[in-house]
Amino acid sequence: MAYSEKVLDHYENPRNVGAFGKDEAGVGTGMVGAPACGDVMKLQIKVNGQGVIEDAKFKTYGCGSAIASSSLVTEWVKGKSLDEALDIKNTAIAEELALPPVKIHCSILAEDAIKAAVADYRKHQEAKGE
Amino acid sequence: MDLQQDYFSLFGLPQGFDIDKDRLEQAYRDCQAQVHPDRHAHRSDAEKRVSMQWATHVNEAYRTLRKPLLRARYMLSLRGVDAGIETNTAMAPAFLMEQMEWREGVEEAREGGDVSDLEHMRQRLDLHERELHQNLSGQLAEGVTDGELAADTVRRLMFIEKLQIEIDDALEALED
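Heads up: the protein sequence lines correspond to chains W and V, in order.
Just so we're aligned: the first sequence equals residues 1 to 130 in UniProt numbering.
Just so we're aligned: the second sequence equals residues 1 to 176 in UniProt numbering.
Any given hint could be a false lead.
Pairwise CB distance ranges (calculated) [to be verified]: (1) V/Glu101 <-> W/Asp83: 31 to 39 Å; (2) W/Lys6 <-> V/Glu101: 39 to 47 Å; (3) V/Glu101 <-> W/Leu8: 45 to 53 Å.
On the chain W side, residues computed to face chain V include the following (Cβ under 10 Å) [unchecked claim]: (4) Pro35; (5) Val40; (6) Met41; (7) Asp112.
Honestly, the hints are just simulated from the structure, not real lab data.
A virtual CB, placed ideally from N, CA and C, is assigned to each residue, including glycine.
In isolation and in its complexed conformation, chain W is listed as follows (with noise of 0.2 Å):
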């Protein structure tokens, strides 16, 4: 299958490869899978005090469609605050990466990591609160 030159751009120099300290404050993790595949993907968003996503990392084990959603959407959270990193929707991320039907669930795995990861985020600063 042809990837579009958008995913091969992603896939040969993805953005924002590799993992945030474990101790490393305002760290939120998602983590997610596609069984259908077998992809894995973690990413992590980094939030300053003001609740916006400043930095974010991603390691995916997957196709190249996979890997372009993820480095994508790396990109794309940056500058954003959580409510608005939840609005991305994976209908935007495939359509920016012209994703063919049968890859239309890894930009669905991209946005379950994003959501996932805010998640994890706002729990641990629940658990701080507390």
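For this one, chain W is given, so just place chain V on it according to the hints.
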């Protein structure tokens, strides 16, 4: 024979995850002998079409019941349980973390050309797969109405299968 029949009934097998492989083989051969299109070469086109349809159905039934993971997915579908293969991305975090580590391990072994490491991983994975099959046997037993546990095991097995493919690919690449 009846096209609406489920695959277990088609082969006269009890509906369960643990299957008697010899009985399945025998039942498949018996069915195949009955419906094989060549047997009906002298018949009309309409009859040949029906027998072709049957042969396809019997092959599909056999392929499905023979493979444990396909068998489990089929049993869930018979019970109207959606295994969420395409939609459920929320596996247990510990499980996903483990998957990440497995994938990292395979990647490292592949890059390092460590065949024995890969073979060892394949063995551990096969063992784990057997454990999950044993779980499925109970989770899909007759009378168990909640299909969610079996669905979760099926999803886990999808990841295990992917890992096995990754390891086999790596081993093959290193052999060349």
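Consistency of beta-carbon spacing, W/Leu8 to V/Glu101, with hint 45 to 53 Å: violated (28 Å)
With a cut-off of 10 Å on the beta carbons, see whether W/Pro35 makes it to chain V. For W/Pro35, the interface hint holds, since the closest Cβ of chain V sits about 4 Å away, which is under 10 Å.
Any CB of chain V closer than 10 Å to the CB of W/Met41? Nearest chain V Cβ about 8 Å off; hint holds.
Per the CB criterion, is W/Val40 less than 10 Å away from chain V? With a minimum Cβ separation of about 5 Å from chain V (threshold 10 Å), the hint on W/Val40 holds.
Does W/Asp112 hold up as a contact with chain V if the rule is Cβ-Cβ below 10 Å? holds (4 Å)
Does the Cβ distance between W/Lys6 and V/Glu101 fall inside 39 to 47 Å? violated (30 Å)
Between the beta carbons of V/Glu101 and W/Asp83, is the distance compatible with 31 to 39 Å? holds (33 Å)
Of the numbered hints given earlier, the model fails hints 2 and 3; all others are met.
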